[in-house]
Amino acid sequence: MRLRRCWPFAAWALLVVACGGKSPAERVAEHDRTRASWEQTARFVGTAWERGAVPAAYARRTLATTLEELAKEDRAIATEPLPEAERLRLRRALDRSRALGQSLASAVGAGSRSRK
Amino acid sequence: VKKILEIALGIVTSIGGFLEVGSLATSAQAGAAFGYQLIWAVVLGTVCLIFLVEMSGRLAAVSKHTLASAMRERFGYPFFTVPLVAMTLLGLLVLASELGGVCLAFQLVTGVPFPWWAPLAAGGAWLLLWKGTFGVIEKGASLLGLITVVFVIAAWKLHPSWPSVAASVLPSLPTHENARYGFIAVSILGASIAPYLLYFYSSGAVEDRWNESDVPVNRVTAALGMSFGGILAIAVLIVSALVFLPRGIRIDRFDQVALILIPVMGRAGFFLFAGALGIACFGAALEVALSVAYVMAQGFGWRWSEDARPRDAARFTLVYTVTLAGGALIVLLGADPLAITLLSMALTAALLPIAIVPFLLLMNDPRYLRDHCNGWIGNIVVCGIVGLAFVLAIVSIPLEILGG
Chain B
24 MRLRRCWPFA
34 AWALLVVACG
44 GKSPAERVAE
54 HDRTRASWEQ
64 TARFVGTAWE
74 RGAVPAAYAR
84 RTLATTLEEL
94 AKEDRAIATE
104 PLPEAERLRL
114 RRALDRSRAL
124 GQSLASAVGA
134 GSRSRK
Chain G
67 VKKILEIALG
77 IVTSIGGFLE
87 VGSLATSAQA
97 GAAFGYQLIW
107 AVVLGTVCLI
117 FLVEMSGRLA
127 AVSKHTLASA
137 MRERFGYPFF
147 TVPLVAMTLL
157 GLLVLASELG
167 GVCLAFQLVT
177 GVPFPWWAPL
187 AAGGAWLLLW
197 KGTFGVIEKG
207 ASLLGLITVV
217 FVIAAWKLHP
227 SWPSVAASVL
237 PSLPTHENAR
247 YGFIAVSILG
257 ASIAPYLLYF
267 YSSGAVEDRW
277 NESDVPVNRV
287 TAALGMSFGG
297 ILAIAVLIVS
307 ALVFLPRGIR
317 IDRFDQVALI
327 LIPVMGRAGF
337 FLFAGALGIA
347 CFGAALEVAL
357 SVAYVMAQGF
367 GWRWSEDARP
377 RDAARFTLVY
387 TVTLAGGALI
397 VLLGADPLAI
407 TLLSMALTAA
417 LLPIAIVPFL
427 LLMNDPRYLR
437 DHCNGWIGNI
447 VVCGIVGLAF
457 VLAIVSIPLE
467 ILGG
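Protein sequences appear in the order of chains B and G. Using the working numbering, count along the first sequence one by one with no gaps and you end on 139. Using the working numbering, count along the second sequence one by one with no gaps and you end on 470.
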């Protein structure tokens with residue numbers, strides 16, 4: 024009787040667990056999206072700061088957040104089960120994004136708007 | 067002429083008070099991740115809200131009962147405890163996200179980290195509730211909230227493809243990230259169909275001493291005011307779709323949303339966004355804190371009125387004081403405002419049946435509504451949308467959590 028009452032919850036839990044797992048390809052795509060999103064955020068903030076459209080304090084903090092998020096991605100890529108070739112590609116792309124973020128953060132820190 | 071002025075003021079305040087941290091965050095996320103594709107969720111949420119707001123006003127005007135007091139009287143105290151507890155806990159979470167929005171606006175302008183602003187934001191809200199009247203709270207904050215019209219101007223200036231916008235009014239399946247699509251749709255519905263608004267609206271109608279002659283005014287105000295308000299949320303979604311989607315930026319932090327108006331308005335856009343966020347969230351924080359106090363006071367049968375002196379409604383005053391302090395504490399602890407916002411909006415959607423089903427039963431009870439009971443269209447629309455929100459919530463919330 025008790026089991027009969029529980030079956031909708033059990034079925035729901037099973038469905039959620041079954042659908043919740045992501046394939047390696049989906050995980051790679053997700054990492055690509057996240058990295059690209061933060062790289063583009065850094066570019067957007069950098070350009071806006073160069074044009075004087077955002078205060079320096081905002082640019083500094085958002086670029087710092089960008090670097091934190093990219094560092095989180097780095098840790099996730101290192102630990103998640105991904106194909107080795109993809110892991111390597113993701114880490115290279117991540118290094119480029121972090122370099123860009125760091126150069127923008129340095130430019131904002133130094134107050135040098137003619138960064139290019 | 068008086069009625070027309072009343073309607074105009076009602077519409078203007080509904081527009082100014084529509085956007086808050088939830089609708090801003092969810093619309094911006096939706097646009098950035100899926101373009102115009104989730105406009106249908108904003109439309110459904112707004113339609114449902116129009117019906118519900120109209121119903122809560124009608125209940126108050128005809129029965130002279132607030133939603134909370136009618137629910138307690140009709141279903142008894144043991145039953146009423148369920149929505150009371152749900153509303154209070156959810157109210158605290160929503161209040162934290164609104165105060166978080168105010169603090170973020172300060173952070174954007176000053177650079178001082180947002181948690182430091184929590185005491186000031188909560189203290190300001192408390193002072194206004196302590197000193198102000200219902201009219202000042204309701205109309206003052208909403209009129210200032212008209213600054214959010216800036217999103218409509220931005221959407222217009224970005225020249226969106228109007229046929230694509232119109233086509234997105236009809237629901238469509240996502241082409242990628244199904245769980246995220248469902249979760250954002252649920253969050254949009256939760257942000258639109260906020261139960262606290264219904265308790266606030268019916269309490270306000272009783273505070274303003276509405277009677278049956280106000281029923282037509284209520285109907286027009288709810289329909290037009292909320293429709294124009296929904297246009298604001300759609301405008302945020304459109305601007306986000308045109309600014310963030312082509313750049314591949316997904317909204318994971320509120321800091322990113324602050325860039326939304328810059329391509330259209332430059333430096334002014336940055337400060338207009340901060341102003342819109344701060345004012346909209348401050349107005350909503352006032353409403354949420356008052357709603358929790360209304361529900362608690364009406365539930366326990368205490369004296370309540372925002373127009374009464376604090377010492378004459380001491381327990382009512384104590385509730386909004388404690389609620390504001392609790393909300394400020396959550397922000398002070400540094401919880402991510404966007405995460406609290408999305409969580410509270412999704413939970414709102416999941417808990418909607420608890421708040422809405424008893425309300426619908428009340429609205430069909432001639433002992434309260436006499437010959438102003440609900441028609442079948444209202445019942446079907448509200449049941450359908452609340453059912454959809456509930457199903458989406460129980461499926462997509464765990465999927466989103468599992469998917470990280």
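For the record, the hints were derived by calculation from the structure and aren't laboratory data. One or more of the hints may lead you astray.
Said to hold, decoys possible - Just a few of them, taken from the derived set where beta-carbon distance is under 8 Å, the chain G residues facing chain B: (1) L174; (2) R319; (3) F336; (4) V423.
What the hints assert, rightly or not - Using C-beta positions, here's what the derived DEER-type ranges look like: (5) B:E49 - G:K197: 50 to 58 Å; (6) G:A380 - B:S126: 53 to 61 Å; (7) B:D55 - G:R333: 28 to 36 Å.
Said to hold, decoys possible - Stretch by stretch, here's where chain G covers chain B in the computed footprint (C-beta under 8 Å, at least three residues): (8) 54–60; (9) 70–78; (10) 83–89.
Yeah, the Cβ is synthetic: ideal placement off N, Cα and C, and Gly gets one too.
Q. Can you list which hints this structure breaks, lowest number first?
A. 4
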